[in-house]
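A.B. asks: Each chain, letter by letter, is given below.
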Amino acid sequence: NAGVTQTPKFRVLKTGQSMTLLCAQDMNHEYMYWYRQDPGMGLRLIHYSVGEGTTAKGEVPDGYNVSRLKKQNFLLGLESAAPSQTSVYFCASSWGTGNTEAFFGQGTRLTVV
Amino acid sequence: EDQVTQSPEALRLQEGESSSLNCSYTVSGLRGLFWYRQDPGKGPEFLFTLYSAGEEKEKERLKATLTKKESFLHITAPKPEDSATYLCAVQVNTGNQFYFGTGTSLTVIP
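One line per chain: the protein sequences are B and D, in this order. 290 is the number of the first residue of the first sequence in the working numbering; add one for each residue after it. 2 is the number of the first residue of the second sequence in the working numbering; add one for each residue after it.
Treat the hints as calculated values from the structure; they're not laboratory data. Hints are not guaranteed to be accurate.
[Said to hold, decoys possible] Not the full set, but computed from the structure, chain D residues with beta-carbon under 7 Å of chain B:
{"no.": "1", "residue": "Lys43"}
{"no.": "2", "residue": "Gly44"}
{"no.": "3", "residue": "Pro45"}
{"no.": "4", "residue": "Phe47"}
{"no.": "5", "residue": "Phe73"}
{"no.": "6", "residue": "Asn94"}
{"no.": "7", "residue": "Asn97"}
{"no.": "8", "residue": "Phe99"}
{"no.": "9", "residue": "Phe101"}
{"no.": "10", "residue": "Gly102"}
{"no.": "11", "residue": "Thr103"}
We put the CB at the ideal spot given by N, CA and C, even for glycine.
Turn these sequences into a full structure, and let the hints guide you.
C.D. replies: Okay, here's the thing in structure tokens:
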């Protein structure tokens with residue numbers, strides 16, 4: 290039972306490069322989230338999705354795009370990476386509305402130089 | 002504005018020395034309050050959900066409580082393996098997002 294799997298686990302980008310982070314969940318969850326975690330800032334929501342084909346902006350969406358073409362996958366894209374996007378990125382999923390906890394992946398450590 | 006504040010930022014305890022972590026919140030309408038544990042280099046791991054004031058939940062040496070303005074995570078007779086960062090999050094009635102605090106880093110010394 291894999292839960293939430295993030296790919297890749299580590300990545301180094303040069304400023305201006307693009308990349309896509311993949312999140313896959315095998316729990317049939319409706320909701321999926323992308324967070325970034327920075328020292329002293331806690332987890333901040335980038336984008337989220339309440340179902341296949343839907344996406345919505347979170348607290349810090351600028352510079353990122355997302356897609357949810359399949360229920361089990363949630364992709365986070367950086368079109369032109371900036372050093373300010375150096376962070377640890379976490380994907381999470383949950384059943385949906387109501388009082389349900391989120392399950393997290395192991396994280397992707399991204400460094401933009 | 003919805004806000005979650007955790008204190009202290011860091012806490013060092015001797016093994017067996019009980020203490021409490023605090024999570025205070027100001028939100029428009031609370032749907033649920035969540036406690037997570039995060040070990041270095043890993044994603045947060047779910048511990049508890051609390052829904053209404055007065056509710057309590059326990060798991061091994063941990064006990065979470067909730068009032069209308071804050072939640073406490075009580076750690077009784079901690080062991081070194083309880084060392085981790087403990088995160089608090091709230092979910093509000095008007096949305097589907099989770100808002101996280103910045104966490105409390107707990108170190109338990111043998």
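A.B. asks: The structure should be examined with respect to each hint, and the outcome stated for every one.
C.D. replies: Hints versus structure:
no., hint, result
1, Lys43, "6 Å, holds"
2, Gly44, "3 Å, holds"
3, Pro45, "5 Å, holds"
4, Phe47, "4 Å, holds"
5, Phe73, "19 Å, violated"
6, Asn94, "10 Å, violated"
7, Asn97, "6 Å, holds"
8, Phe99, "6 Å, holds"
9, Phe101, "4 Å, holds"
10, Gly102, "6 Å, holds"
11, Thr103, "4 Å, holds"
Checked against the numbered hints above, the structure breaks hints 5, 6 and satisfies the rest.
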